[in-house]
Amino acid sequence: MIKAIIIDDEPLARLIVQEYLQSYKEITVVQECGDGFEGIKAIQQHHPELIFLDIQMPKINGFEMLELVEEPPAVIFTTAFDEYAIRAFENHAVDYLLKPFNKQRFDKAVRKWLDQYTAAQAAAQTQGAANSQPITTSPESGLSPIAGDPSGETTVSSGNKTRELLETAAHSPSQQQRVVVKTGGKIKIIPVDDIHYLEASDDYVKIHTHNGAFLKNKTMNYFEQVLDASQFVRTHRSYILNVQQVTRIDPYEKDSHLCILQSGASVPVSKSGYVKLKAVLGL
Amino acid sequence: MQRRSDSERLSKEAELFKLRQQLAPHFLFNSLNSISALITSHPEQARKMIQQLSDFLRGNVRKEEQQSVLLAEELQYLQLYLEIEKVRFGHRLSTDIHHDEASLNMKLPPMLLQPIVENAIKFGLYDTTDTVTITIEARSENNYVVISVQNPFDPETSRPKQGTGFGLSSIQRRLYLLFARGDLFETRVEGHLFTTIVKIPQTTHNTSI
Numbered sequence: 001m002i003k004a005i006i007i008d009d010e011p012l013a014r015l016i017v018q019e020y021l022q023s024y025k026e027i028t029v030v031q032e033c034g035d036g037f038e039g040i041k042a043i044q045q046h047h048p049e050l051i052f053l054d055i056q057m058p059k060i061n062g063f064e065m066l067e068l069v070e071e072p073p074a075v076i077f078t079t080a081f082d083e084y085a086i087r088a089f090e091n092h093a094v095d096y097l098l099k100p101f102n103k104q105r106f107d108k109a110v111r112k113w114l115d116q117y118t119a120a121q122a123a124a125q126t127q128g129a130a131n132s133q134p135i136t137t138s139p140e141s142g143l144s145p146i147a148g149d150p151s152g153e154t155t156v157s158s159g160n161k162t163r164e165l166l167e168t169a170a171h172s173p174s175q176q177q178r179v180v181v182k183t184g185g186k187i188k189i190i191p192v193d194d195i196h197y198l199e200a201s202d203d204y205v206k207i208h209t210h211n212g213a214f215l216k217n218k219t220m221n222y223f224e225q226v227l228d229a230s231q232f233v234r235t236h237r238s239y240i241l242n243v244q245q246v247t248r249i250d251p252y253e254k255d256s257h258l259c260i261l262q263s264g265a266s267v268p269v270s271k272s273g274y275v276k277l278k279a280v281l282g283l
Numbered sequence: 284m285q286r287r288s289d290s291e292r293l294s295k296e297a298e299l300f301k302l303r304q305q306l307a308p309h310f311l312f313n314s315l316n317s318i319s320a321l322i323t324s325h326p327e328q329a330r331k332m333i334q335q336l337s338d339f340l341r342g343n344v345r346k347e348e349q350q351s352v353l354l355a356e357e358l359q360y361l362q363l364y365l366e367i368e369k370v371r372f373g374h375r376l377s378t379d380i381h382h383d384e385a386s387l388n389m390k391l392p393p394m395l396l397q398p399i400v401e402n403a404i405k406f407g408l409y410d411t412t413d414t415v416t417i418t419i420e421a422r423s424e425n426n427y428v429v430i431s432v433q434n435p436f437d438p439e440t441s442r443p444k445q446g447t448g449f450g451l452s453s454i455q456r457r458l459y460l461l462f463a464r465g466d467l468f469e470t471r472v473e474g475h476l477f478t479t480i481v482k483i484p485q486t487t488h489n490t491s492i
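Quick note, the sequences are listed as chains G and E, same order.
1 is the number of the first residue of the first sequence in our numbering; add one for each residue after it.
284 is the number of the first residue of the second sequence in our numbering; add one for each residue after it.
Just so you know, these hints were derived from the structure itself, not from any lab.
There's no promise every hint is true.
Calculated lysine to aspartate or glutamate pairs in the EDC-like style (CA-CA distance at most 20 Å, straight line) [unchecked claim]:
id : chain 1 : residue 1 : chain 2 : residue 2
1  : G       : K3        : G       : E71
2  : G       : K182      : G       : D107
3  : G       : K186      : E       : E424
4  : G       : K188      : E       : E356
5  : G       : K188      : E       : D437
6  : G       : K186      : E       : E356
7  : G       : K182      : E       : E356
8  : G       : K25       : E       : E356
9  : G       : K59       : E       : E356
10 : G       : K41       : E       : E356
11 : E       : K390      : E       : D413
12 : G       : K59       : E       : E420
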């Protein structure tokens with residue numbers, strides 16, 4: 001049995017996916033979700049092979065939801081007109097269905113994914129116990145062939161493709177307004193204005209805010225690209241700061257400086273970081 | 284001199300025309316998707332929704348040419364829009380509309396309210412997973428019709444800014460072009476409520492609207 005979950009805030013939009021899936025005996029919809037929070041819970045509980053995901057949803061959007069899922073399943077996006085999203089899809093092997101979509105187009109997406117899924121399953125079986133890697137996270141599992149499809153009608157994702165897609169989607173303006181993190185079992189939405197500074201911390205980035213610090217599984221380069229460059233400056237290899245929080249810049253040893261923030265925290269500023277900081281502050 | 288004022292008038296009209304082109308593609312495509320879902324399970328409802336959507340679109344086209352409409356008409360048009368949105372969002376969306384008698388015969392530029400309400404719905408519905416009530420209130424005040432549209436939001440995660448979003452900034456610009464005044468549009472944040480307020484002056488000869 002293949003488990004699927006439908007995540008969309010409009011009940012009728014979920015209904016039509018349900019209806020179209022009736023002809024697939026091998027696919028069972030284990031749950032329907034009306035928002036991303038429910039979606040995360042349902043994915044953790046059921047570990048579905050496939051999800052149908054809307055993008056514009058309450059609280060957290062579809063991309064933000066996927067970011068918070070540790071091993072994202074294959075995704076078929078269902079969305080109304082959304083220019084930037086389509087741009088993101090074009091570069092990645094994830095399928096998307098533009099609402100309203102007919103059964104034919106739906107079948108094309110699902111069959112394509114089914115073919116790949118079945119092939120990957122068979123490959124995993126022949127490899128046998130020698131390779132116990134889960135299929136969805138293996139880059140050579142045969143799940144990524146049609147990325148260069150010239151028709152632009154791209155295909156369903158493996159976990160890797162989903163992650164790549166997220167990197168691209170994060171560059172959209174709507175994502176720069178806030179950062180979504182998971183803390184304990186809860187999801188927290190941090191408006192970027194609440195961020196004091198970011199600090200590299202092994203494989204994570206530590207986000208220091210009004211309400212404490214949060215870890216996010218991303219790189220400093222990622223945040224440097226995503227955050228508004230007129231507000232956030234990479235002052236140091238391991239630090240990005242919110243210039244609105246700066247109260248003082250003190251000289252430190254040799255060519256470096258220290259930025260003192262409203263919270264009292266001090267953030268290192270390297271020689272080149274100082275040049276960038278001065279430019280943004282107009283000094 | 285005459286030529287210059289002509290060209291200024293033309294560019295103002297062109298800008299006003301563009302500002303009226305509000306219909307969000309999201310609304311249209313999602314509505315069509317709802318209809319598509321209803322066709323097999325609830326054909327009667329599907330037909331009803333097609334009718335509503337058609338009436339809404341027709342109103343949109345017809346009103347393009349008009350200079351001003353009565354609030355009573357505008358509220359009817361809004362009702363059409365809200366009924367479609369309620370089919371899409373189900374029980375999550377409810378609305379509360381109040382108006383005094385005098386305001387119903389007051390005039391306002393066509394299609395001014397729908398984008399404001401659309402903004403409130405988007406803002407309200409996408410900021411919470413609970414049910415949302417949008418409150419719309421119209422009253423006559425001296426020589427003005429004053430309309431407020433209110434939606435809840437979560438102050439923890441959203442930062443409404445004055446006139447944010449294409450919807451609201453274009454309303455503000457429209458009012459400025461029509462009345463040459465910047466004080467007819469206002470947004471307020473009180474606790475977890477966001478309110479948009481527009482005031483439309485009632486001139487004796489209403490040609491300027």
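Cross-check of the supplied hints:
1. G:K3 <-> G:E71: holds, 15 Å
2. G:K182 <-> G:D107: Not OK: K182 of chain G and D107 of chain G at ~35 Å, beyond 20 Å, violated.
3. G:K186 <-> E:E424: violated, 47 Å
4. G:K188 <-> E:E356: violated, 43 Å
5. G:K188 <-> E:D437: Holds, at roughly 13 Å.
6. G:K186 <-> E:E356: violated, 47 Å
7. G:K182 <-> E:E356: Violated, because 48 Å separates the two Cα atoms, which is more than 20 Å.
8. G:K25 <-> E:E356: violated, 51 Å
9. G:K59 <-> E:E356: Answer violated: K59 of chain G to E356 of chain E is near 34 Å, above 20 Å.
10. G:K41 <-> E:E356: violated, 46 Å
11. E:K390 <-> E:D413: violated, 35 Å
12. G:K59 <-> E:E420: Distance of about 27 Å is beyond 20 Å: violated.
The structure fails to meet hints 2, 3, 4, 6, 7, 8, 9, 10, 11 and 12 from the earlier list, while all remaining hints are met.
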